[in-house]
Amino acid sequence: MNSYSFIFISLLAGAIAGLILASVNYFVAEPYIDQAIGIEIENTIAAGETVDFNELNTYRVWQKEGTFVAGAFLGVTYGAVLGIVYVIARKYLPSSDDRKKALILAGLICLALYVVPFLKYPANPPAVGDPETIGLRESLYTSFQLISGLIVLGLSVLLIKFKSVNNFKYLIPVFYVGLIGFIYSIFPANPDAITAPMDLVNSFRIATFTTMVMFYIVLGIIFGMMWRKYRPHETTRLTAS
Amino acid sequence: MSFVNDLRIIHKDQAPKLAIALLGVIAIISIYIVGYDQGQLFSLVQGNQAYDAMWIHEFTHDIRHAAGFPCH
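These protein sequence lines map, in sequence, to chains A and B.
Quick note on numbering: the first sequence equals residues 1 to 241 in this note's numbering.
Quick note on numbering: the second sequence equals residues 1 to 72 in this note's numbering.
These aren't lab readings, by the way, just hints derived from the structure by calculation.
Please note that a few of the clues may not be correct.
[Claimed, not checked] Below 27 Å or equal to it, Euclidean Cα-Cα: the simulated DSSO-like pairs (lysine-lysine) are:
1. K91(A) to K17(B)
2. K161(A) to K100(A)
3. K161(A) to K17(B)
4. K17(B) to K229(A)
5. K100(A) to K17(B)
6. K169(A) to K64(A)
7. K100(A) to K163(A)
8. K229(A) to K169(A)
9. K91(A) to K161(A)
10. K163(A) to K91(A)
11. K169(A) to K100(A)
12. K64(A) to K163(A)
Using the sequences and the hints given, assemble the complete structure.
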C-alpha cells in the first residue's frame, strides 16, 4: 500500500468535491440564507435592538467568501472518512471496478452520516435556532450521526461474517430499519421552535439536501477515478521491457 | 518496437495504520472547524474576545447551515 497516494487521493478528492459543493451552494443555497438573514434583521429591529449594517455587510462578505474554504474543509473531512473506510473495506465491496466500489461506499456514508441524521434533524436556515441550545443540538446531531454510522458499520461486519448463512443478507435491511427506527424514536426532537416561514425552511431543506447528496456522489466519483488511476493498493509493479 | 510486460503485481492488504491515523486526525480537526467551533480555537490566542467575534464560526457559517450542522 502506498500511503502517500492513499492520503493524497482521500484529501484531494474531498477538497475538490467540497469546492464543487460550495460553488453550487453559492447559487442554490445562498439566496435562501440571504433571505433568512433578512428575516433575522427584521426580527432584531422589531425587538427594538440596533443593527449595525456596516458590520453586518462585513460579516456577510466574510461568510460568503468563507463558504469556499469551509466547503474544502468539509470535503477534506468526508474525503478522509471515505478513504479510511475504503482502504479497510475495499476487498469486501461488490464489483471489481474501483470507481463502482467508491461510489457504493460514498452512497453508504451519505446514507449513514447525512440522510438518516437529516430525517431526524433536518437542516435549518439562519433565523431558526436559539443560541442557548447550540450545545445540546450539536450533541444530539453528532450522537445521531455516530450511532447511525456505527449501525451501518456493525451490520456490514455481520453481513461479511455470516455471508455463508443462507438468506442472511435479506435480514440486514430489516435489522437496519429496526435499529434506525429505534434510535429515531428515542432521540429527543430539536428543542428549537421554527419561527421562520415554513416555505423558506422547506425550500432551504430541499435545496441543501440535493446539494449534499450531490456532494457525496461527486466525492465517490472523484475518489474512485483517482484510486483507479494511482492504484495505491499496488505496492510494486515489477516490469520488464 | 517497445513493449512492457507486467510480470507481477505485489498486493499487501495490510491497512496502512499510520496513514489511517493521520487521516483520522485531519478529519476530526477539519470537521471541528467546519461544524463546531464557536470561538474556542481563536480564544487560544485572542482570549475571551474570540467568543464574541467567532471568526471561524462566521467563516464557515453558510456551509455549516447548508451541510445540516446546528448553528446559532
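These are the hints, each one checked on the structure:
1. K91(A) to K17(B): holds (17 Å)
2. K161(A) to K100(A): Roughly 22 Å separates the two Cα atoms, so the pair holds.
3. K161(A) to K17(B): holds (23 Å)
4. K17(B) to K229(A): Given pair K17(B), K229(A) holds - Cα atoms ~22 Å apart, limit 27 Å.
5. K100(A) to K17(B): This hinted pair holds, its Cα atoms lying about 25 Å apart.
6. K169(A) to K64(A): Distance ~46 Å between K169(A) and K64(A) Cα, so the pair is violated.
7. K100(A) to K163(A): holds (21 Å)
8. K229(A) to K169(A): Judged against 27 Å, a Cα distance of about 32 Å means the pair is violated.
9. K91(A) to K161(A): holds (14 Å)
10. K163(A) to K91(A): holds (14 Å)
11. K169(A) to K100(A): holds (20 Å)
12. K64(A) to K163(A): violated (49 Å)
Hints 6, 8 and 12, counting from the list given before, are not met by this structure.
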